[in-house]
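Participant: Heads up: the sequence lines are chains A, B and C, in that order. Heads up, the first sequence is in this note's numbering, so the first residue is 171 and it goes up one at a time. Heads up, the second sequence is in this note's numbering, so the first residue is 29 and it goes up one at a time. Heads up, the third sequence is in this note's numbering, so the first residue is 213 and it goes up one at a time.
Read the hints as simulated data drawn from the structure, not as lab findings. Hints may contain errors.
Derived DSS-like pairs (lysine-lysine); straight-line CA-CA distance at most 30 Å [said to hold, decoys possible]: (1) 706/C x 322/C; (2) 435/B x 606/B; (3) 233/A x 592/C; (4) 250/C x 285/A.
Here are some, though not all, of the chain C residues that point toward chain B, as calculated from beta-carbon distances under 7 Å [said to hold, decoys possible]: (5) 240; (6) 381; (7) 438; (8) 456; (9) 616; (10) 617; (11) 632; (12) 697.
Heads up, the beta-carbon is just placed ideally off N, CA and C, and yes, glycines get one too.
Each chain, written out:
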Amino acid sequence: MTLPAYLPILILLVLSTGFAVFSLWMASKISPRRWTPAKLAPYECGITPEDGEEVGRERFPVKFYLVAMLFIVFDIETAFMYPWAVAYDELKLFGLIEMGVFIGILLAAYVYVWKRGALEWAE
Amino acid sequence: MDLSASLIPGPDYMGLTATIILWPLGTALFLLLFGKRLSTFKVGGREIPWAGVIAVLTLLRSFVAAVAMFVDIVGVELAEGAVGHGGANVENARTFTVHMFDWMQVGGFAVGADFLIDQLSVVLALVVTGVGTLIALYSIGYMHHDPRFHRYFAYLSLFASAMLMLIFGDNLLVTFVGWEGVGLCSYLLIGFWFERPAAATAAKKAFIVNRIGDFSFLLGMFLLVAAVGSLKIEDINAAASGGQISGGIATIAALLLFGGAVGKSAQIPLYVWLPDAMEGPTPASALIHAATMVTAGVYMVARMGPVFLASEGDLALTVVAWVGALTALWAALIACTEYDIKRVLAYSTVSQLGYMFLANGLGAFSGGIFHLITHAFFKALMFMGAGSVMHALANETDMRKMGGLRKVMPITGATFLLGWLAISGIVPFAGFWSKDAILAAAWEQGEYALWGIGLFTALLTAYYMSRLYLRVFEGPLKHDPDVHPHESPWTMWVPLAVLGGLSVVGGAINLPWDLRLEHFLTPVLGEFEVPHGATAWILAGVALCVAVSGIALARFLFLTQRGAELRARLVTGSWLDKLLTASRNKFKVDEVYEATIQRPGHRFAMFSAYKVDAKGIDGVVNGAGALVAWLSDGVRRLQSGYVRNYAALFLLGVVVLLSALILRVGPLG
Amino acid sequence: MQLDLPNVELAAIAPEVVLSLTALLLLVFDALVGDRIKNGLHLPVLTSLGLIVAFGFAFTQWNDLDQTGPLMQLAGMVVLDGFALFVKLSLLVFGFLSLWLSREYLVREKLEEPEYYALTLFAVAGMMLMATASDLIVMFIALETFSLSLYVMVGFRRRSLISQEAAMKYFLLGAFSSAFFLLGIALVYGAVGSTNLYGVAGSGTELGMAQFLATTTPQGTGLLVLGAGLLIIGLGFKVAAVPFHMWTPDAYQGAPAPVTGFMAAGSKLAGFAALLRLLDVSLFQLRGDWQPIVIGIAVLTMIVGAVMAVVQEDVKRILAYSSIAHAGFVFTGILAASDRGVSGSLFYLATYGVTVLGAFALVAMLGGSEERAVRLTDYKGLFYRRPMLAGALSLLLLSLAGVPLTSGFIGKLVVFEPAIEAGFAWVVIVGMIASAIAAFFYLRIMVVMYMQKPDEGVAAIALRPVAGAVLALSVVATLALGVMPTPLLDLAEKATIFFST
């Protein structure tokens with residue numbers, strides 16, 4: 171056995187785990203806590219913000235994220251097509267069919283996105 | 029050996045078994061589903077609900093089938109010309125296995141829904157269906173005011189079916205199905221009047237205590253499967269008596285099985301649930317907690333006898349005998365001071381079950397079964413008698429408020445008298461013969477200590493039973509003036525009369541000079557030695573004297589003026605007073621359990637209850653439950669709701685797992 | 213440059229393809245013409261159609277198995293053997309039951325949208341792929357396919373913050389666990405030089421785990437063992453094994469009740485299918501190394517699941533912890549590393565799935581609008597309000613508790629027995645202690661239903677015929693498989709026909 175070679179790693183492991191556990195334990199010991207039923211519930215979703223409430227920072231439409239995500243999806247489609255195009259000669263009919271399947275699936279997604287109104291900016 | 033039914037033009041065993049077991053099951057399902065819609069009809073100005081009639085008829089049908097089966101088995105034995113005197117080594121020609129269907133088959137491990145019909149199972153089936161029919165009939169009168177009438181009879185039928193499955197089980201798994209089934213019904217019936225908090229608590233207590241026993245039983249079952257490779261009782265017993273199981277394994281397996289019996293049959297230390305179980309309807313107590321279910325443990329030990337006999341140095345049997353004897357004594361002591369009529373009977377049941385285990389522990393299995401049968405007669409009788417009294421006195425159970433009832437309830441009083449004499453061990457009543465057989469077996473084996481305990485318990489039994497009888501039925505009337513005691517309707521007193529008759533003549537099935545039952549059961553249970561000649565007469569005489577002295581003592585204390593004065597003097601300050609108080613407090617066993625198991629867990633749980641949530645603990649009042657709750661609460665702190673904590677714990681798991689693996693595989697590469 | 217073009221035997225994954233196409237079709241079809249259809253019945257009908265066609269394909273494959281024997285197809289990416297097909301068929305049944313049990317709920321909560329059905333189909337397809345995958349990469353894709361679907365389904369109650377948060381937690385921790393799974397794949401690749409579980413016939417370079425183990429010395433397996441450990445972690449997360457279970461109660465509680473049932477039934481079966489193939493087949497020879505890990509996980513999972521359920525007050529949380537305990541029981545079957553262990557585990561998972569789907573469907577029905585009535589106190593005296601529903605729930609709970617004459621009892625028997633055979637008796641004893649504890653909390657639910665008076669003015673619960681029929685089916689199956697388990701046990705035995713090289 172060459173276990174001694176791993177001894178430093180083991181010691182480090184124990185030390186780091188120990189430190190983490192110790193800090194958490196200390197924190198739990200010395201921190202003040204005033205439990206309420208709400209704090210103890212396993213959920214922390216908080217209170218629904220109301221319209222008039224001052225949130226403190228400007229809010230912008232969630233649609234930005236939606237568009238960004240859609241962009242990435244279709245961006246990857248293009249990225250995927252480059253290597254396919256480069257190796258087109260070797261892939262022959264097989265490659266064409268595979269790409270057809272791929273584009274077909276994305277097309278379905280596109281129709282879905284479009285028809286569900288995800289591309290409409292205003293209501 | 030299965031010589032099969034083809035030798036004789038016997039009845040259709042398959043059909044009979046199906047009738048005996050499945051009819052009550054069908055009735056139970058029918059009553060559960062449609063019972064509410066059943067109406068009532070009138071006989072002699074009394075409303076009689078159909079639900080009860082159906083249940084009684086079903087059980088009667090099962091009983092008739094059991095009788096047919098019994099007659100056939102007896103007939104076969106005669107035809108073979110072997111009337112049992114051959115001893116245990118003769119192949120039991122009259123064992124039939126009824127194969128209903130293949131329950132499951134995995135690889136080489138097959139279990140069928142099989143039922144074993146032999147002398148032992150048939151005799152017990154007679155008792156269960158016979159006493160069951162009588163008790164169901166009684167229940168029609170006793171329960172007729174209850175709004176959940178149909179449900180009661182559904183549970184009762186279900187119980188009968190499960191109990192019969194337990195008895196007829198050809199393999200331990202089928203037996204276990206019945207075992208769990210009777211537990212479930214017992215639980216449902218104890219908690220039948222769940223509006224009373226005491227009933228709900230008692231039901232839960234019974235459930236938890238029985239879980240401990242069942243767990244032990246299951247372990248024993250698994251151990252036997254591992255050792256023998258089969259769940260079939262015959263295979264296991266053959267392997268045990270053939271020496272294929274080592275003594276050590278046999279000891280452990282036997283003790284684990286006995287653990288199950290201790291739970292189900294309410295022996296030390298798991299007897300605490302049975303007195304509380306008296307919260308259930310009285311006829312249910314009579315059937316389940318006196319005559320049948322609680323004797324399942326006795327039956328199981330007798331049935332698995334060879335495993336117990338194979339134990340190293342008879343350790344398992346010794347344990348069984350001593351647990352039985354001590355339980356008999358202990359419960360009898362408590363019964364002497366209890367004032368609740370049903371609880372006296374409950375402790376008496378625990379005590380008598382102890383006798384049966386004592387018999388089993390001495391290897392006198394058929395002696396245990398004999399006492400089981402006679403006990404079923406007189407204890408069911410007395411429970412129903414007590415029910416009749418409660419019925420007459422508006423559910424009063426305190427014996428101090430009873431007295432002189434024989435005058436107003438002549439039939440109940442007379443039949444109770446028979447039960448009292450039977451359990452006290454007066455010649456020629458049933459209890460005398462069966463108790464004498466057990467004590468004689470102890471003497472013959474040189475177990476004088478066990479014999480002494482048994483004899484002393486017999487004295488106590490005669491005393492506390494006389495105390496009960498005399499307080500309730502003799503002396504002046506004491507009940508509240510606004511209660512008008514009356515004799516019960518015929519549905520209630522007919523069963524009493526029948527059981528009263530059986531309590532008188534029941535001993536005739538196994539009189540010491542012809543031992544009919546014992547010889548009948550010998551092919552299944554083997555033989556045991558009893559004393560002969562003068563010794564036998566002297567032992568019987570001693571037992572009788574002890575019983576008479578017990579009764580005389582009670583009569584002196586409770587019916588004479590001087591006795592009453594003496595009692596008054598004794599109960600102030602003396603050592604006896606302390607003993608009586610201790611006994612009255614049931615020797616604080618419940619409290620000890622509470623202090624050692626329940627309270628620490630419960631206190632911890634309550635301490636953190638406001639953190640857990642306001643109602644988190646109230647459902648967990650029982651010891652085992654609270655212990656688990658305590659553990660649970662510890663782990664629960666980890667379930668904080670914060671994803672970061674979850675991920676941290678996840679990571680900790682990863683670190684531990686990978687560290688273990690790295691240490692195991694050593695250097696990589 | 214010359215590329216080796218694979219032979220695409222699409223028929224091998226025909227059921228998965230059918231489900232995916234149905235899902236796509238569903239989305240496009242509904243997006244185009246959905247507004248014009250009033251009652252929305254086209255969604256479940258179309259979904260059922262897809263499931264039935266997929267079942268037909270899988271069933272044909274199962275029957276053909278007798279002639280063809282186990283096959284490896286799609287360039288070594290999938291295998292078609294008894295095991296894979298048993299799991300696939302069970303999953304399709306789960307999908308079908310779940311679909312019709314959910315519909316009433318979805319209509320009531322005004323959540324019936326094509327996405328739910330499409331996601332169900334994608335999830336089932338992903339789960340099926342888990343069982344049939346013979347390459348870790350395919351397994352990972354399958355894992356992500358069904359996980360992503362489930363993340364969304366958990367958060368499907370969009371108006372409920374709890375549902376949202378549950379989805380978020382599940383997603384975050386799921387991503388976390390996927391990382392370990394991927395690292396495991398990398399280590400396996402480092403050790404073996406391939407990600408294949410078996411090794412591809414005819415290609416000299418691709419060894420695969422099983423072949424690697426057949427040729428290597430015990431000293432050379434270190435990296436593979438570590439990789440396997442990480443794979444166990446990744447899959448252990450999906451089946452809710454302790455200590456990777458923390459998401460389970462929160463996600464189960466927050467998710468719509470039918471989704472919870474589907475998760476409990478489906479992702480357990482899929483995750484365990486992958487574990488069974490990985491450990492009991494590919495890494496069979498390394499069992500000395502992984503068994504201690506599995507013992508630890510099994511013991512912890514059984515005990516923590518059973519113990520934690522005792523103090524819960526929310527029925528969904530009780531069932532969540534119960535599902536953790538059940539995962540522990542299945543681990544004992546895996547531990548046995550024998551054919552009977554495998555068939556026992558499959559039987560367990562199949563019957564547990566049917567039972568738990570029914571149980572959560574009942575929770576959904578009884579929960580009322582927005583699942584307000586899911587606390588234990590809401591079940592007070594249920595028996596007196598709805599005797600049939602209470603009876604059905606009791607039977608399902610008895611089965612979960614493992615009471616004789618229910619499928620749950622047989623299931624425990626067939627996973628415990630092989631484990632004893634393999635010499636792990638003490639693990640089984642722990643399991644029995646856990647199930648004894650577990651009996652307590654199932655009983656608590658029943659006590660509340662039967663032995664407490666109902667509160668005044670509780671709304672009546674309506675039971676629709678279709679959901680009622682499906683529910684009855686799951687109750688009957690639970691009972692029937694307890695009394696007559698042999699047919700399914702025979703099928704599970706056929707499922708131990710594994711592909712092998």
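Participant: Each hint: holds or not?
Facilitator: Results of checking the hints against the structure:
1. Taken as a hint, the residue 706/C and residue 322/C pair is broken in the structure, with Cα atoms around 43 Å apart against an allowance of 30 Å.
2. For the given pair, residue 435/B sits about 36 Å from residue 606/B by alpha-carbon distance, which is inconsistent with the 30 Å threshold.
3. Distance restraint check for residue 233/A and residue 592/C: the Cα-Cα separation of roughly 46 Å exceeds the 30 Å cut-off, and the hinted pair is therefore not satisfied.
4. Taking the CA atoms of residue 250/C and residue 285/A, the gap is near 18 Å; set against the 30 Å cutoff, the hint holds.
5. A hinted interface residue such as residue 240/C counts as satisfied when its beta carbon comes closer than 7 Å to some beta carbon of chain B; here the least separation is about 36 Å, so the hint is violated.
6. With its C-beta approaching chain B no nearer than about 5 Å, residue 381/C sits inside the 7 Å limit, and its interface hint holds.
7. Proximity of residue 438/C to chain B holds as hinted, the smallest CB-CB distance being about 6 Å (cut-off 7 Å).
8. Checking residue 456/C against chain B: minimum C-beta separation of about 6 Å stays under 7 Å; hint holds.
9. Using the Cβ-Cβ criterion of 7 Å, the hint placing residue 616/C at the interface with chain B is satisfied: the shortest such distance is roughly 4 Å.
10. Given hint, residue 617/C at the interface with chain B, holds; its Cβ is 6 Å from that chain's nearest Cβ, closer than 7 Å.
11. For residue 632/C, the interface hint holds, the least distance from its beta-carbon to any beta-carbon of chain B being 5 Å, beneath 7 Å.
12. For residue 697/C, the suggested interface contact is upheld, since its CB lies about 5 Å from the closest CB of chain B, less than 7 Å.
The structure does not agree with the numbered hints 1, 2, 3, 5 stated previously, though it agrees with the rest.
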